[in-house]
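Each chain, letter by letter, is given below.
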Amino acid sequence: MGPADLVNATAIVGQKGGKDWMSCDGVYDGGSNVLSVAFDPSNLEIYAAWESGPKGNWAPAACSDYLHIDMKPFLLH
Amino acid sequence: MDELRGVEAGAQSIGVTGAGKCMSRGNVLANFPGDMGDLLIVLTDELYNGTKATGEAATPAGRMLLESAARAGFNSEAKVRGWVAKMASQMQGHHCSMIGAWGPRTEGGRVLTGRNLDWESRTGIDEHKLIVVYHPPEGGHAHATIGFSTVQGALTGMSSEGLTVHEANLEESSETFRGFPWLLRLRYLMEHAEDLASARAVWEATNNTVGFNHGVGSAKDQSFMALETEAWYTAYFGANDPREAKAVDPKSGKPIGGPMPNALWRTNHGYDPKIQQDFMWSQSPTSNTVFRYMLIRQTLLDYE
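Line by line, the protein sequences give chains A and B. Quick note: the first sequence uses this note's numbering, first residue 1, plus one each step. Quick note: the second sequence uses this note's numbering, first residue 1, plus one each step.
Next comes chain B alone, as it looks inside the complex:
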């Protein structure tokens, strides 16, 4: 909040208003599900859970949303659902990917990591590319975020400890706004963790919001860890995990995994049984996400 107030004050000093609000909205937007239709689940949970008995939203955030929606004329659950459905029809699906390779696969055996953000394109935000370096004033590790201005947290980044953070959408039915927004959480991770073990401990100290795949690369471990997440649940993966090896598409029964030693990657589905069970999109071998998973796998094989 201090940062938001500082951004607002700094921008106002040069005649720009609303910068803090814009950045705050970015934090909210980043926690939206990747499919706008799935936003219905989060919004209706936030807006209407607990309202049946009391007529009030269950959370302060929910009350704020209800008031805003009412002012805009959306004063019923049906109207909110209609609005989200209209948004869904106008927006692209959101699909990201991440990769880590190390050991015999890389020069000197050192871990190399990567991340794609596949999101709304052509919005004009490319005119506001930005790398931000943070030196926490009260201790913690210096870290850099790579992305755009108005993004307060980390779409991706790297710390002075050689810790890298990554994200890819994962549509899970267990979702909530009542957790640590991932953009800020990834920054918090870089600030407070030194390696994969401490990254896991820091992660487990707070709750997830909506479903996401996350990745953490570590120079100290020369390795990469994947986190498949949904509200109140995280599944941790290293390379060549047996859960990934035996995973199948629930509908067809066809295999969809292909883990390998000294590499780990994720697109927009998961391999933990609970994460698979709660997944809302197709896990077919021909789905976009499984196709890209296999594309990364083949690329890694081509480099062997």
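Same shape as in the complex, but just chain A:
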């Protein structure tokens, strides 16, 4: 597994609200995944996603874009 695979494994189990845990099918009633983060601590990198959209157009974090951020410039300076 690489970091992208760990992102995938994390995203799968986020409570998206649909019946298919593997799918971001747009059916998110009852979804509660508001934050989803994967870490590569050896390289001080993170992959972070948040819930998005207003009530009528909501998407869980696991179905939103994950931001890849190198935290070294912030943590090691």
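Hints were generated in silico from the structure; no laboratory data involved. Some hints here could point you the wrong way.
[To be verified] Some but not every residue of chain A turned toward chain B, in silico, with C-beta under 8 angstroms:
| id | residue |
| --- | --- |
| 1 | ALA9 |
| 2 | VAL13 |
| 3 | CYS24 |
| 4 | VAL27 |
| 5 | ASN33 |
| 6 | LEU44 |
| 7 | ILE46 |
| 8 | ALA48 |
All figures in this text were calculated on a predicted structure; none of them were measured in a lab. Virtual Cβ for every residue (Gly too), placed ideally from N, Cα, C.
Using the hints provided, position chain B relative to the given structure of chain A.
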């Protein structure tokens, strides 16, 4: 407290009032049990323990709560219970998850970790996403928290030492407000620990509040540790733990564990015998939490 006062002062300087109070409330809210009905146990303990003999709450926090409740018209235990029951009917259950994988499972054998926060959605807080980087002025390790503004502590985060922190709800009957609030405690852990051994030592120096599963990932150890907690008790787990392997649902007797080498994960139940005994939700193999535990397990197997 200095941080709260600083946030309050900084916000006031740009015309925003109450920011410190809002952040303080966030710390309290995060220590609520994941099921609002279970909040009854914590609130009534805080409000009414010791009051039978003296007529007063046992703690300053309890007295403040009683005064606030009385001002709002909730001047009896029955009324407080009714209010919490109404809240419980309006709120979602809270379910999180965490995962760590390393060794032969990962590129270069390095530990990779993850965390989901499954909580109240659609509240509008997504407009206030925030990553905060702290450089403690009096020493300690720099660390980052990933979450939202108004959250003072760590929903999750990573330190300059490559230590990551994680959380998932765990409904235990042994609960108290009289401990180190976990949001701040996870920050304290990142600030003062370098590896899993020091993380455990830092953790054991203070008390738990309500039940939670926590996780700590460590680049220095290339490993991940799970902590199953309730008030005054923590059970520590590494990968492939025999307690997890032999755990069963107390009601049905069916197995609910499936630990593996070089990986560790948790949803919203535990595997330590005492933690299992005090658990307030279902541990059935078909329960939401056990289902998600097995979902993570299968995902890890799929990557083998």
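Status of each hint after checking the structure:
{"no.": "1", "hint": "ALA9", "verdict": "holds (5 angstroms)"}
{"no.": "2", "hint": "VAL13", "verdict": "holds (5 angstroms)"}
{"no.": "3", "hint": "CYS24", "verdict": "violated (14 angstroms)"}
{"no.": "4", "hint": "VAL27", "verdict": "violated (14 angstroms)"}
{"no.": "5", "hint": "ASN33", "verdict": "holds (5 angstroms)"}
{"no.": "6", "hint": "LEU44", "verdict": "holds (7 angstroms)"}
{"no.": "7", "hint": "ILE46", "verdict": "holds (6 angstroms)"}
{"no.": "8", "hint": "ALA48", "verdict": "holds (5 angstroms)"}
In the structure shown, a violation is registered for the earlier hints numbered 3 and 4, in ascending order.
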